[in-house]
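Student: Taken in order, these protein sequences are the chains called D and Y.
Mapping the first sequence onto my numbering, position 199 (from 1) lands on 199, and the numbers just tick up by one.
Mapping the second sequence onto my numbering, position 142 (from 1) lands on 1142, and the numbers just tick up by one.
Calculated directly from the structure, the hints in this document are not laboratory data.
Note that CB positions come from ideal geometry on N, CA and C, so glycine has one too.
Among the clues, some could well be false.
What the simulated footprint calls covered on chain D by chain Y, stretch by stretch (three residues with Cβ under 8 Å from a Cβ of chain Y suffice, anywhere in the stretch; the number is not a length) [what the hints assert, rightly or not]:
1. 80-93
2. 102-112
3. 249-259
4. 399-405
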Amino acid sequence: MTGHISRRKLLAAAVAVPVLMGTAAACGDDEGGDDGNVELSVFWWGAEARAALTEKALALYTSKHPTVTFKKTWQANQGYFDKLATLTAGGNPPDLFQIDDNYIAEYASRNVTLDLTPYKDDGRLDVSKFPESLWKYGEVDGKLAGLAFGENTQGLVFNKSLLDKFQLPSPTTGMTWEQHIAWAVTVSKTAKVPGTMDPSGSYQAFWVWLRQQGKDLYNGKELGFTAQDVTAWFELWKGARDKGATPPADVIHEGNVTDISKQLVVTGKAATSWVWANQMPELKKNTKDELGVVAFPGDPSAQWARASMYFSVFRGSKHKDTAVDVANFLANDPEAGKILGTDRGLPSNLDVRKVVADSVTDPAMKQSIAVEAELVPKFGPAPAVPLPGHSKVKTELVKAAEEAQYGRQTPAQAAEAYVTAAKSAIGQG
Amino acid sequence: MSPAPPKEPAVVRRAPGRPRRRENLPGYLFLSPWLLGLAAITAIPMLLSLYLSFTDYDVLTPFTEATWVGWDNYQRMFTADPSFWHSVRVTVTFALIAVPLKLAAALGVALLLNRVFRGVGIFRGLFYLPSLLGGSVAVAIVWVSMFNRGGAFNSLLAVFGIEGAPWVSDPKYALQTLMLLAIWQFGAPMVIFLAGLKQVPVELYEAASVDGAGKWRQFKHITLPMLSPVIFFNLVLETIHGFQGFTSAFVLSNGTGGPVDSTLMYTLNLYINGFVQLDMGYASAMAWVFLVAIGFITVVLFRTGRFWVHYSDSEGG
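Whole structure, please, built from the sequences with the hints as guidance.
Tutor: So, in structure tokens, the structure goes:
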């Protein structure tokens, strides 16, 4: 009998011990770095090419600072912000992470990001060679929430091969919107390919157009436009659709995704797409045709040097100083700059940018550098960083534009609905 | 094959009470990994989400600092969020059409495959195949390219002189395309139906044909009643499954529920609120409303089941 019971006890213990040990292990802390070694977690979105470049640049940092190693994580843009939010919710965000202007205000206003101002002030983070409007585009409510990592601007990309084949003129910077639409109608008629993607759901096109009308996307904590402005914008493109300048609504819908490989200019379903100038090399990878890029129509001073993305440091990181130093290195070191090229946009540091521009060989990269260089003197001041809720403001614009494109609503109805939805997205009463 | 009466070994039965409980202890200990998992992975997060549904939790701020907002999230859902009602409509439409058609397809194919003919195993396997691939993202992607303008489906229609449509990127058709994808994955209920059909005693059919009942009457008066518990089981399962549809809608619409919200399924809307707009308090409230709604629908199904589900064990009574 005693043997029987002890076997039971043994069994119980056999089960209990690993369970308890497991719990204990889960409670353990993985704090390290007491010996001076730092493992910094870095997280970014992008394709494989970007991963290879970034890993190479980080390896260069380690070769100069052997005590610092990296835990690198990267993934495609889709799902990146879900993951980042989840990591943050778990209290374990990466030390250094890539972020863009869709989300920087969300993260900054919730104190996830470290205020980099003190580092900038004492020179540990050097932005002296950055265009001022560029690094300032990382400020949210007076705090430097991210280091602008790469500059880009709106770019109208066109299929040069197609235009040449039909001896059609290329679009030029400074064309008015009406001229652009008239040009697109000609292309549609001659080349039998719709001349332009309908950008009425594209916030970057809408934004440039608004600035040309003396308005803006945001004004302080409120929307910088009214339903009338949106109606005029939707009407402009309804006119273009009616004249045959654009593809039908369902094709426009396909082009309304952010996925580069699905832009109509590379899928051959339109002669122009509305994108960011630094996306040229990626677009080029998806088509055999030769591409060209100019500014969006209208006065180019409505465009600005936009931070294509940022590197931000987690406020609760145990290695803040190291993380800032790595960001500083990636942005300002000419060697690192050469490795990274224009993959994240033109280098923020103008000296580095010159080094890169001189050494770059990729024709598509050269083109995006050229158009940006041409536009730099024409750029207007940068707007403030988009408000929290911006991602919804963007998706609601697509939805409203599509309502008008499918003809389910008039431009005025769609505009009315959009303004209501956008206001609610940014919490404007 | 009637089961032999359980042969109780002549063990001294312990008196009920304490000793038996002691015997249970190792049992619970062996269960403990599962119990801990249940607590850690299901129970605690569920309760937490119930709590969060009454807060303005935004994912980025620690949830301990989330502000209690009472019934605000629920109130907003029912009174001030048109997208909530829209996604309810989309989901109900989807479930009302896709679930019955899927079950009908499953039953129809099961009836065909219930016969004995050469290669029946291969056919059963082939018909089950889509369900194996079903939940996968790859199939949804293939579906998009098949059904888009210029896709394989439209090329097929063109052979017959029919002009196709952009089945995925037109709000008129996008949801139908999703339904078709769901119906196509009828393999799981089909297998269950097949198993059910095998249980129907052959004598009943023999007796019926002796009495002169045709195939249709046999189906109506023998197959359907005998199969009704299985139909019921499949109905409940597939209804719940239909309401939870997410992956295909997510992939087809690039995570937006588009074109113009035509595929904004409830769960997709919930995901967008929680993870894109970082409004996790509201998303949690949506999740709880969803849980209650599905629970309610299931209860209703069980209630109506009393009137049409025929359990053979209640035959004698």
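Student: Quick one: which hint numbers does this structure break? Sort them smallest to largest.
Tutor: Hints that this structure does not satisfy do not exist here, as all of them hold.
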